[in-house]
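We have chain A; now place chain B onto it with these hints.
Chains as they are written, first to last, in our numbering: chain A, 1 to 386; chain B, 1001 to 1327.
Any given hint might turn out to be false.
[Stated by the list, open to error] DSS-like mimics (lysine-lysine), calculated; alpha carbons at most 25 Å apart, straight line:
no.	chain 1	residue 1	chain 2	residue 2
1	B	Lys1108	A	Lys173
2	B	Lys1033	B	Lys1046
3	A	Lys173	B	Lys1023
4	B	Lys1108	A	Lys104
5	B	Lys1023	A	Lys146
6	A	Lys146	B	Lys1108
7	B	Lys1016	B	Lys1033
8	B	Lys1023	B	Lys1046
9	A	Lys68	A	Lys306
[To be verified] Simulated restraints on C-beta separations:
no.	chain 1	residue 1	chain 2	residue 2	range
10	A	Gln371	B	Val1187	31 to 39 Å
11	B	Gly1049	A	Ala329	55 to 63 Å
12	B	Glu1288	A	Asp141	51 to 59 Å
13	A	Ser192	B	Met1001	51 to 59 Å
14	A	Arg293	B	Glu1127	39 to 47 Å
15	B	Gly1230	A	Pro366	34 to 42 Å
[Unchecked claim] Footprint (simulated), chain B over chain A, 3 or more residues, beta carbon under 8 Å:
no.	stretch
16	139-145
17	192-202
The set of hints was computed from the structure by calculation and includes no laboratory data. Ideal Cβ positions, reconstructed from N, Cα and C, are used throughout, including at glycine.
Listed here are the chains, written in short residue letters.
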Amino acid sequence: MSKGDGARQPATANRSSARDEGRRKPPDTEFVQLLTPDGSRVEHPDYDVDFTDDELRGLYRDLVIVRKLDAEATALQRQGELGIWASLLGQEAAQVGSGRALRKQDMAFPTYREHGVLYCRGIDPIMPLGLFRGVDQGGWDPNQHKFNMYTIVIGAQTLHATGYAMGIAMDGKVGSDDGEAVIAYFGDGATSQGDVNEAFVWASVFNSPVVFFCQNNQYAISEPLERQTRVPLYQRAAGFGFPGVRVDGNDVLACYAVTRKALDDARHGQGPTLIEAYTYRMGAHTTSDDPTRYRIASEVEAWQAKDPIKRLRSYLERTHAADDTFFGALEDEAAREAGALRERVLSMPNPDPLEMFDHVYPTGSPEIDEQRETFARYLETFAGGH
Amino acid sequence: MATLTLGKAINEGLRKALEDDAKVLIMGEDVGKLGGVFRITDGLQKDFGEERVIDTPLAESGIIGTAIGLAIRGYRPVCEIQFDGFVYPAYDQIVSQVAKMHYRSRGKLRLPIVIRIPFGGGIGAVEHHSESPEAYFAHTAGLKVVACSNPADAYSMIQQAIATDDPVVFFEPKRRYWEKGEVDTSVAHSEAYPLFASRVVRRGNDVTVAAYGPMVKTALDAATAAAEEGRQLEVIDLRSLSPLDLGPVFESVRRTGRLVVVHEAARAGGLGGEVAARVTEECFYSLEAPVLRVTGFDIPYPAARVEEEFLPDLDRVLDAVDRSFGW
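Bound-form chain A, shown alone (with noise of 0.2 Å):
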């Protein structure tokens, strides 16, 4: 799939690809889409990538495994294993489409509900348990793992992701195939947030390699779409001075090769892109949500019938490039490996309470140690438990 990367061909007609009888319909006006509702594989003009059956298969795998990983963190959020969880459900397509288009040395920004993509980046999908879970705040190394801690505060890491990317342009780091690029994640709400439009302001003046990673889901928490802004979300590129997309969201394949031609621009030293990923949050904000008080039934459904995993799936049916045996196997695997999450999740243990008082400082403080040692000798006095 590495064929389209960062190319802008004219459209060529009847692509000779015997495997789907739905090539030849008309592109979609409203958004890139490669792959339709019903499985169908379309074409865009801008975007004319080739997917060999193995990649097909590879990204029909990330979105069953993100899917099931998500579903079992739920359930352990409704066990009382976790304090909260943020599902995916519905964003599949958009996580795994953009994960998959970073190269190795890309730098990921997440929000707090980027478990696909963190998944996509070869991360231990245990990381961020730790965090629902409520005994450790993320503890990870964003440059280890070319991946930034969760950041909960809304449109705040948009500031990051550029600042790292003015970082690599300063760096020399722009300019050919071995390029750097950033991609900065965010939600339709976030985009009234004012750091995120600073950061549109920022990156676009410094041309920093850095790509805005929009998943439009609809909803901020209860709010539509229609109480954060009256014109489409990527339109706004327009206005800082730097190209807007808009990608089906549920469709990978789509979500694959825009994220891979903006990333592969930024490197470049082309500068910044804004997509938008429009997709549908099928679940609840989080598990303390109950969107039955602000969305019907109905809207739902019709989302349901773009869900991002049935539509590869018939695709792959249809060209025959998996079978039952696959999908069997895929589904224990899933199972397994659910599993194994839920078993080491349940193995996490608590913190020692005066572990709060680490890591405060890189220099540490006489003050914090004071209380530490105050602490821990009022703790002493329940020595023997009284």
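Here is chain B on its own, set in the frame of chain A:
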């Protein structure tokens, strides 16, 4: 040894830091060609280039937010907030991100960012240009907060703040930018007086006066005046507001039995209250009078034509000293 204004001393300190470490960056509004509205970064862009001395877009949250990303990338950004009253748009990035990322990462990530803020009044400015917001930051775990009061300290403290891996909010007493003093620029910052330490700047055995930033000079002036009346004030420059280094204050109060704390910031929730509480805990049986505070009033910073009434001055410090003795 050179005679430098406090502003020039910071400028020289920044220059030294840029020379010492190629990862040091300066970023802020008007810091480049103009050299900053107070000329603290004067000449630095000319000598170190636009990539290291960066004129940013006019948005404070953006300055701090992008500095965080640069720090994750391995840079050491020194951000200038043009005036105290303009730091609030960056408050979230400072308090929720700069302060907490080391902690959230369990020590794996360091953000060696310095946030320079000219603070305090006394320059006849319009509103938002004379504030003292240090308590907001000193209250926040994960930030270190310091205030310099004289050219020699300014020169070493800015370099130390840049060199430490802790995030530092660096308050500069803007009304003292033009005060001159002797600065020994041959002393390496690592050999200079430690950054997070208070210092006795005048010895005396009758009453202790603790101050920081612009009020140190006010306290020293008060001490000179008091000496003419036969009272010896011991003046302590707190220098570090987070962490507070109160050992020298405790030692002093055990001798004098009296303490007056001075700051321009409002009294309620101010650092004077924190100092008073800790001195009371540590020196209760030494105290001859309650700890007294001489501070700005609990009002918004007033219009410039009355600011001299609002700001603590020599007379108000001496009035507090009198009240302490009259207890």
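Would you pick out the hints that fail for this structure and give their numbers low to high? none
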